[in-house]
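As they're listed, the protein sequences go chains C, H, V and D. With my numbering, letter number 64 in the first sequence gets 64, and the count goes up by one each step, no holes. With my numbering, letter number 94 in the second sequence gets 94, and the count goes up by one each step, no holes. With my numbering, letter number 144 in the third sequence gets 144, and the count goes up by one each step, no holes. With my numbering, letter number 267 in the fourth sequence gets 267, and the count goes up by one each step, no holes.
It is worth saying that the hints were derived from the structure and are not from the lab. Please note that the accuracy of each hint is not assured.
Which copy? The list can't say, so a pair holds if one copy fits it or any two copies do.
[Claimed, not checked] Below 20 Å or equal to it, Euclidean Cα-Cα: the simulated EDC-like pairs (lysine to aspartate or glutamate) are:
no., residue 1, residue 2
1, Lys363, Glu153
2, Lys3, Glu32
3, Lys94, Glu150
4, Lys5, Asp28
5, Lys5, Glu32
6, Lys5, Glu98
7, Lys3, Asp28
8, Lys3, Asp47
9, Lys5, Asp304
10, Lys3, Asp332
11, Lys125, Glu268
12, Lys94, Glu115
13, Lys363, Asp62
14, Lys3, Glu13
15, Lys5, Asp185
Protein chains: 4
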Amino acid sequence: MTKLKWGMIGGGEGSQIGPAHRLGAQADGLFEFAAGALDHRPDVGRDYAMRLGIAADRAYGDWQEMLAGERDRDDRIDLVTVATPNATHFEITKSFLEAGFNVLCEKPMTMTVDEGEEIVRIAEKSGKICAVNYCYSAYPMVRQARAMVENGELGQVRLVVTNFSHGHHGDATDADNPRVRWRYDPAMAGISGQFADCGIHALHMASFICQDDVTQLSADFASTISSRVLEDDAMVNFRMSQGTVGRLWTSSVAIGRQHGFDIQVFGETGGLRWASEQPNQLIYTPVGGRTQIIEKGEGGLHDDAMRLSRVAIAHPEGFPLAVANIYCDLADAISGLARPALPNAVDGLRSMAAVSAAVASAKQSGAWLDARPPMFR
Amino acid sequence: MTKLKWGMIGGGEGSQIGPAHRLGAQADGLFEFAAGALDHRPDVGRDYAMRLGIAADRAYGDWQEMLAGERDRDDRIDLVTVATPNATHFEITKSFLEAGFNVLCEKPMTMTVDEGEEIVRIAEKSGKICAVNYCYSAYPMVRQARAMVENGELGQVRLVVTNFSHGHHGDATDADNPRVRWRYDPAMAGISGQFADCGIHALHMASFICQDDVTQLSADFASTISSRVLEDDAMVNFRMSQGTVGRLWTSSVAIGRQHGFDIQVFGETGGLRWASEQPNQLIYTPVGGRTQIIEKGEGGLHDDAMRLSRVAIAHPEGFPLAVANIYCDLADAISGLARPALPNAVDGLRSMAAVSAAVASAKQSGAWLDARPPMFR
Amino acid sequence: MTKLKWGMIGGGEGSQIGPAHRLGAQADGLFEFAAGALDHRPDVGRDYAMRLGIAADRAYGDWQEMLAGERDRDDRIDLVTVATPNATHFEITKSFLEAGFNVLCEKPMTMTVDEGEEIVRIAEKSGKICAVNYCYSAYPMVRQARAMVENGELGQVRLVVTNFSHGHHGDATDADNPRVRWRYDPAMAGISGQFADCGIHALHMASFICQDDVTQLSADFASTISSRVLEDDAMVNFRMSQGTVGRLWTSSVAIGRQHGFDIQVFGETGGLRWASEQPNQLIYTPVGGRTQIIEKGEGGLHDDAMRLSRVAIAHPEGFPLAVANIYCDLADAISGLARPALPNAVDGLRSMAAVSAAVASAKQSGAWLDARPPMFR
Amino acid sequence: MTKLKWGMIGGGEGSQIGPAHRLGAQADGLFEFAAGALDHRPDVGRDYAMRLGIAADRAYGDWQEMLAGERDRDDRIDLVTVATPNATHFEITKSFLEAGFNVLCEKPMTMTVDEGEEIVRIAEKSGKICAVNYCYSAYPMVRQARAMVENGELGQVRLVVTNFSHGHHGDATDADNPRVRWRYDPAMAGISGQFADCGIHALHMASFICQDDVTQLSADFASTISSRVLEDDAMVNFRMSQGTVGRLWTSSVAIGRQHGFDIQVFGETGGLRWASEQPNQLIYTPVGGRTQIIEKGEGGLHDDAMRLSRVAIAHPEGFPLAVANIYCDLADAISGLARPALPNAVDGLRSMAAVSAAVASAKQSGAWLDARPPMFR
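Make a model of the complete structure from these sequences and hints.
What follows is the structure, given as structure tokens:
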């Protein structure tokens with residue numbers, strides 16, 4: 001078992017996302033951390049990369065240097081993770097795909113729908129993997145939920161209700177804190193605040209579990225802290241292509257909610273509930289029957305739920321290992337084993353189309369708008 | 001302590017609501033069950049009333065007979081509860097108020113906004129109590145929540161999120177069951193299904209805790225079981241007069257949710273959560289602080305929360321005693337002690353106005369509409 | 001349906017227990033509060049009784065006067081509740097039984113095993129009901145648990161684990177508070193503190209659900225606040241006649257536990273868990289299967305669980321209605337309908353025998369001792 | 001940052017423990033997997049090691065070969081993990097310590113108290129690290145609990161109550177399954193079944209959080225499935241050197257409990273609760289105050305709780321990362337940074353002394369026995 005070679009752009013010292021990706025890539029011994037351009041300050045990035053054990057000639061000062069350095073090596077990296085500020089995702093992802101690298105891009109994949117469509121086209125043309133880090137979809141019990149829906153265990157899905165709400169930006173006296181403020185400033189965050197930051201995880205999850213696409217939506221946005229231009233609370237009603245009704249609430253001012261990401265799926269013959277703070281259980285109720293607790297690691301789970309769990313029943317596995325599961329799927333996909341559940345550029349594009357539609361709908365008093373990317377209409 | 005005299009219309013043998021009111025009225029020894037017209041079949045109702053201990057001359061065949069019989073007695077009833085089918089609430093409530101009786105009406109108080117306004121005017125003119133049985137508002141910890149908001153413990157309220165969702169009508173194969181079907185049939189249920197049945201409890205709760213009125217709303221209705229004319233799932237976004245943002249989801253097809261009525265209130269300096277399935281706790285988080293569990297019966301609660309609890313801390317008190325709390329407040333109000341938290345005809349009217357606005361909004365693709373009764377615009 | 005006539009001794013103004021019994025007796029309209037000797041101060045008691053609506057000639061100054069007054073009436077009370085200080089339970093219960101009254105005695109029924117045996121003999125001889133208020137046993141879902149065990153749904157029971165632990169006496173600076181102190185003072189509380197106060201509820205529950213008797217036990221007592229003579233924390237290991245292993249922990253210094261009474265029953269083919277703070281659910285796991293939530297009010301429950309529930313599924317019913325359920329069973333029993341689940345004098349006696357054995361065992365370093373009353377050895 | 005070199009003995013293909021250690025050692029990039037003797041079948045072990053990326057000359061056939069191969073290398077491994085069957089821990093650990101290696105031994109460290117004392121002496125003499133994998137102690141919120149006790153936030157600890165109970169061996173029809181049976185067979189498991197397997201984790205946890213040693217204990221063992229020689233259920237009462245009272249229940253027949261390891265600590269001024277199925281929260285109640293939820297990742301936690309958490313508040317971290325935390329502490333300790341919380345040979349020895357005392361106590365009807373190793377009496 002030779003390790004695959006992995007590189008990262010961004011994720012420098014002091015970031016949260018860098019360690020999460022390093023752990024995700026290395027936890028299962030699948031990837032070797034071989035190259036990096038980790039900081040926007042070239043010297044700082046090179047130094048940090050070397051301290052993390054990367055060879056000096058692969059400790060790059062910026063992504064352009066890394067692209068140039070890696071593209072002609074025989075032992076070029078098998079995968080590059082893009083963990084830079086949001087506005088740079090498009091250009092970097094595009095460049096590496098065009099140069100024939102597999103890419104894992106942090107969300108949001110792009111800032112606009114047009115850019116998203118361009119990435120989809122490039123990825124397709126290149127034949128390379130372009131994954132997007134919707135890592136919650138890689139929790140074992142989320143995979144179980146998806147398999148149960150696919151397997152017809154809920155019947156036709158009627159209704160999906162999902163929330164991603166926290167209260168960590170609820171303190172108005174802290175609203176000028178730069179770590180908070182940028183998210184509500186269009187100059188830095190783009191056209192949407194909380195919906196683009198957290199809401200799209202929930203929207204992706206709805207599509208992921210149901211294996212269906214959002215077609216239309218209506219949004220209500222609010223800036224509950226008045227100094228904010230972009231929304232810190234949003235409600236989005238939507239419909240999926242098979243008629244499923246969707247409800248999505250996302251907030252950053254829900255004081256007392258820590259990581260309030262959950263999803264409920266209701267079908268003809270049963271209902272499911274999963275919550276990110278207790279990710280190792282799936283709550284299932286057959287119509288007319290009793291609510292049951294499905295435990296990660298129990299006998300008889302669907303394949304992906306089994307495969308992506310490492311320790312025995314009721315030994316909890318948390319967020320970092322969900323990220324690691326994305327890397328497990330990537331390693332398989334790089335090796336030619338199909339991993340259709342891996343979120344890809346089309347997912348990244350659909351998120352941008354939904355953000356764009358939600359922003360427009362909110363401005364039009366909740367008008368129902370087409371949420372699909374133009375290329376899929 | 002002489003007991004007050006109490007009568008009931010409807011709530012006959014085999015109903016759920018009759019025993020709940022009898023228990024509520026009698027649990028604390030405040031009311032004596034003195035008169036009744038309990039069934040739409042006169043003889044059946046008289047017989048049942050006598051079996052429940054009511055004197056033969058006050059066991060009436062219908063409400064008209066009861067009104068005639070009681071109005072001229074010296075020992076006339078102090079309070080009448082109207083627990084008949086929804087479509088009759090208006091006429092009965094109106095008639096008893098006009099004859100100078102105090103009334104507790106089941107919800108919905110009326111079928112139309114016009115009727116609601118008429119009741120408000122009659123109640124005001126009569127000087128009598130016209131209460132509406134929004135009994136969830138009488139749980140001790142709901143009163144605690146209201147008092148905390150009033151006391152400024154959350155600062156200005158920014159956001160209210162409430163759900164009343166269950167899955168008991170989620171079985172399409174049972175959709176023709178008459179006990180289920182009527183709720184989705186306009187001929188019997190009026191203009192709205194699930195929102196009028198459960199949603200208005202949640203909407204009342206939002207206003208009750210915040211002491212603020214809903215001014216505008218936008219609704220998305222769905223009939224997820226296609227044979228239904230009226231909605232079995234609804235999302236309502238709203239605004240209150242002080243700018244508070246509201247989100248309300250109600251469903252009867254949420255398989256696995258049993259009695260999913262909960263509310264979250266988020267203000268400038270803290271957040272609260274209360275859920276009807278664990279009604280004896282209130283979850284409170286001060287901004288920047290740790291989540292705390294406030295227990296019914298702990299020291300230092302606000303007055304109403306203390307007064308309306310009967311047994312020591314952590315001894316649970318459930319739904320029937322919330323109904324009994326409504327009767328406690330009624331007994332006090334009848335005795336001349338102000339109980340401003342008691343839901344009244346204005347609350348009943350506001351619910352009808354909200355239902356009317358929601359139905360119209362849903363038909364107009366979620367247009368934002370005025371949710372206030374005309375008389376309060 | 002004529003109401004039965006009910007009297008109470010003790011439970012005067014300001015007590016917690018008086019209102020609980022009044023609510024319990026009257027909530028379902030089964031009993032009329034006809035007589036009382038409510039306070040150790042005769043005038044205070046008479047006055048309070050009359051304020052509660054009792055006729056002047058049945059508002060008694062003390063229990064002797066009440067016994068004399070009631071015994072010769074044609075309309076004598078059908079049931080008397082003994083809610084006086086523990087040390088007086090024996091004498092009052094004995095006297096009323098001997099005079100041919102049905103009695104509901106608060107726990108502990110007596111202060112000694114000998115007294116307990118005497119009550120059992122008198123009750124048997126009199127043919128009257130002598131119930132003891134182990135009211136937790138009347139929660140619907142506890143009855144469901146008992147029926148499931150009886151029905152073989154768990155197979156042979158191997159193990160019972162029960163706790164009754166709270167932290168309300170955990171503040172050493174409050175240890176001299178008279179409302180707390182007496183419980184740890186042998187002069188007032190007898191031979192045992194926390195075990196006799198709360199532990200015997202848990203021990204009764206184990207026997208109640210398993211329908212089996214405790215035969216042997218070994219105890220470890222601790223006075224974790226050193227000023228206390230009697231134990232404030234106890235662990236009791238026990239065995240039942242069919243070989244079931246028992247574990248019982250009770251504490252009053254478990255700061256953070258409010259009403260920590262729960263029980264787990266593990267058999268050959270399944271396990272059950274019930275907790276008094278969420279009394280409307282029973283958690284059930286079949287061996288090799290998934291954990292299920294059994295809801296009060298769901299279809300297909302065993303008879304007693306159905307009968308003793310008043311409102312629909314997931315509408316919580318709490319402690320006061322568990323007390324009311326004891327009165328429901330008493331009303332039936334008085335009317336000649338067998339209610340074998342109603343806790344009786346033998347249960348009261350077995351508790352005293354267990355307390356006596358536990359105290360002795362704790363003094364003998366946990367020696368295993370016979371826990372049965374002499375008359376049942 | 002050069003990676004430390006790490007080797008493992010045992011943990012071959014198909015084991016659960018091997019992947020857990022590999023993930024633990026590599027997740028944070030601290031150790032390089034440099035050597036291994038992974039299987040009792042030499043060829044199988046060598047092959048597997050090479051497939052895991054170990055160089056051929058360090059892929060050993062057995063531990064003796066590995067010891068011989070590593071001891072004279074300049075680049076010898078910095079740490080060896082012993083993950084072999086229990087009966088071999090002593091000999092391997094002893095041999096590597098004597099040869100000057102740092103060791104992480106799986107629990108139980110030894111099969112007897114004598115062996116445990118020998119390891120303690122050898123470890124001390126060698127000056128090398130001998131850690132034992134009580135990995136639950138490395139959860140961030142367990143470290144927080146320990147720091148709170150140390151910091152006096154609970155006052156003097158009065159009482160510790162801990163459980164480690166599951167139901168995975170509760171199926172009598174599966175009792176002959178070799179994966180289950182050996183645990184209850186003295187020939188394979190030694191003198192104790194469930195207590196030695198799970199109970200000692202709980203006992204270690206009590207000592208770990210309180211920083212106090214168990215001095216005396218009294219045990220009640222049961223084999224609830226009659227074919228078992230060793231206990232499958234045990235209750236152990238104990239005392240610690242400062243007078244703290246302890247209660248420990250452990251079971252493998254508690255059907256419905258999955259991973260029921262929890263601990264409650266009650267002191268003069270507060271109580272704490274931690275449960276392994278929700279390891280990212282610590283529940284804290286100050287005396288006389290409200291219960292609070294302390295979240296992993298919140299501001300103001302004690303140092304170890306901060307240091308050993310990788311992702312933001314409410315992003316759960318589970319069991320594998322608790323193991324990784326043991327390796328984090330080991331890396332620091334190897335580098336000369338004191339990590340006093342790392343469980344060591346003395347902890348391993350104390351566990352064996354407690355097992356020995358519990359077995360003897362259970363045979364002597366619960367006699368209270370000295371639980372300390374002879375060398376610490």
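Exercise. Where does the structure disagree with the numbered hints, that is, which hint numbers, in rising order?
Worked result: 1, 3, 9, 11, 13, 15
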